[in-house]
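If you read the sequences in order, they're chains A and B.
Letter 415 of the first sequence, counting from 1, is numbered 415 in the working numbering, and no numbers are missing.
In the working numbering, each number is its position in the second sequence, counted from 1, plus 563.
Treat each hint with caution, since some may be false.
Facing chain A, from chain B, some residues (calculated, C-beta under 7 Å) [claimed, not checked]:
#, residue
1, Phe607
2, Met613
3, Thr624
Keep in mind the hints are simulated off the structure, nothing from the lab.
The model shown is predicted, which means the values in this text are computed figures rather than measured ones.
All C-beta atoms, glycine included, are put in the ideal place defined by N, C-alpha and C.
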Amino acid sequence: MADWLASPALLLIAGSLLVPLLRPVPRRIYMLALPVASLALLVWLPDGESGRVEIFDLDLVTLRVDKLSFVFALVFLIAAMLAVIYSWHVRDNLQHVAALIYAGGGIGATLAGDLVTLLLYWELTAISSAFLIWARRTERAFRVGLRYLLIQVSSGVLLLAGIAVHYLTTGNLSFDAMTLAEPGAALILVAFGIKCAFPLLHNWLQDSYPEATVTGTVVLSIYTTKLAVYTLARGFPGTEQLVWIGVAMTLFPVIYAVIENDLRRVLSYSLNNQLGFMVVGIGIGTELAVNGAVAHAFAHIIYKALLFMAMGAVLFRVGTIKASELGGLYRTMPWTTGFCIVGSASISAFPLLSGFVTKSMILSAALEDGRWVVYVLLLVASAAVVDHSGIKVPFFAFFSHDSGKRPKEAPANMLAAMGLAAALCLAIGLYPQPLYDLLPNAVTYSAFTGSHLLTQLQLLLFAVAGFVFLYRRGWYPVEIRAINLDSDWSYRWLLPRMWGRGTQLATRARLHAVPLREQVQGGLAVALRPLRQRGWLGAAWSTGAMVWWVALLLGLYLVLALR
Amino acid sequence: MTDNSRRWSAGDRLSYLVYAVCGLLQVVELVYHRHAYFALERTFGFYAVMGFGAYLTVVFTAKGLRRLVRRSEDYYDRPAGAPPEWEPADG
C-alpha cells in the first residue's frame, strides 16, 4: 500500500519544488492552488490511521486524522493561503519554497500518528523555517538564523533522546497522551517546551521572529509554536505543571512587551503571552479547557498573522518598525490601520471578535475547575494584552505623535490578505458555532452570556482607561531607541565572555608555565644522561663486567626461588 | 498649529468617551445581577478594579524593569570593552 503518498503535507513539500520553475503570474496561482489542493486532500482522507510505512522494523503511521489533528491541520492550511496571498509580490523564490516546505512540515507533524514521523517533520520545520530568517540576507540575520537553528535542533535532539528512551522501555512508538512518570516523557516535554517558548526557554522566539523578512515573520508566527501547542494537547493534557508554566508565560512576556521598541518584537512577546493561555488550558485538561486551548490556537493563528501582516506592511513601506521612529501613518495607510485595529481588538478579546469566544473558554474552565488564583492571574494577563497588542502596536505605529512619514498604502495583495484575515476574525467572533463543532470534545459552550459580556467589557475598558490616564499624565513609558536584556543575554553575552576569559586564563597559565617547563626539562636531561649513547649505561662494557652482572642476576633469582 | 490643537481636542473627547463608557458599565453592574463563582468576584466593581489595577501594575513593573535591562542598541554587536555608540537617556 502506498497510501502514505496521499498526504497533504507531502503535496505541499513536493509541490513547492516546482515553484522556481514558473513565471510570476502562473506562479502566484500555483502557490495558492497548492494549499487549496492540500485542503481538499485533507478533507478526503478517511478518519483514523492510514499511510502505514515500515522502515527498519519500525511500524510508522504517517497519517492520523481525528478531530484534534484535523482542526490544527485545517487552520495551518487556511493560514498558508493567507500567507501565500500576502507574499505574492515577493520575487525571491527561496522564501516561497521555504515557506511552503515549512507549512508542509507543520501539517505533516500534526498528522503524524507515531513519534518517529513526528520527529522527522519536527526537524523539517526547524531547518526550512531558518531560511525565512536567512532570506533577509544581512550579516545580522545570518547570525540570528544560526542561533535560531541551534535552539530548534536542540529541541529535536531532546525529542530524539526522549523517543529512544520511550521506545526501548515500552516498545511502543505511537504518539498518544502520556504522563510525566513514563520513561522519556520528561525529555519529550522539554523538547515540546522549547518550541512552545516555555519561560526561560522562550527567548529564541523574540530574538528571531522580528529579524526575518517581511513575509517570513508572518509564516514563522503560524507554525512552530502552534505545532508545539498541538503536541502538548496530544501528549500532555491535564499535566498539572503546565498550568503554572502557562500562567508564568501569560505574565512575564507582557512586561517586556510594554518597554520594547521594535513593534514586531512587541508582537513576539505578545505571541508568547497568548501561548501561555493555551498551555494553561492544556494543563487544566478538562474537556472544556482543552477545547478552549484548541479554539484559542485556531483564532490566535489568524489574528496574530494579521497583526504581523500589518506591521510587515509598515516595515515594507517605511523601512523601519521601531515605535520611536513611527507615528501618524493612518493618514496614508488607512486600510492597514483599520485591519490592524481589528487584529488588536481580536487579541484583546473584545466581544464580537475571535479572541473573545475562544479565550473565555479557558477562563471559564479555570473557574469551573475551582482554580480562582489561576483565574485572577489570567485576568491580570488579559488586562495587560490590552496594553501591548491592543493599544501600543496600532497607537504608536499609526497615531501618537506625527513622525512626518507619508508612506504609500500597502500593496493590493497585502491588503487582500489582511482583509481576509480580518474578515475571519469577525466571522469567528460573531458566529463561533462552526469552530466549536470542529473542537475535539463535545461540549456546549456559549460565550455570549450577560454576565460574561459585562465583566469582559469592564475589564477591557478599565484597562483602556488605565492607558488614557497614564498617557495623558505623561507617565506612560516613552518609546526610546534601546534594547532590553532578556534570557538570551546568557548565551549572547555571558557565555562568549566566559569562553573568552577562559581562553585568556589558559594562555596566561601557559606563559607562567614556561620557566617551570624549562626546569623540568633540565632536570630530566640530567636524569637521562646515563642513558645517552655516550652515557654511563649506553657505553661499551667489558665482558668481565657483563659476567658479573649475569652472575648477580642468577644469584638473585636463586634466592627468590628458594624462598 | 491649528491642525495640532484640533487633534488634541479629539484626544480629549476620546478620553472622556472612554471614562464615560467605564462609568456607564458600572451603572449597569448596579442594576444587573451578574453570575459569580467566588466571593471576591462577587464584590461590586471587581472587574473594574482588576482592569485598571492590573494595567497600572504591569506598566509600572515594566518601567521598573526597564531601569535594569535597558541597553544601547549596539550592545551585542560592539566588540568587548568598546564604549557604546551612545548612552540611552533617562526616560
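Now for the hints, and whether the structure bears them out:
1. For phenylalanine 607 (chain B), the suggested interface contact is broken, since its CB lies about 11 Å from the closest CB of chain A, more than 7 Å.
2. Here the hint on methionine 613 (chain B) is kept, as its CB sits about 5 Å from the closest CB of chain A, short of 7 Å.
3. Taking 7 Å as the C-beta contact cut-off toward chain A, the hint placing threonine 624 (chain B) at the interface holds, the least distance being around 5 Å.
When each numbered hint is compared with the structure, a violation occurs for hint 1 only.
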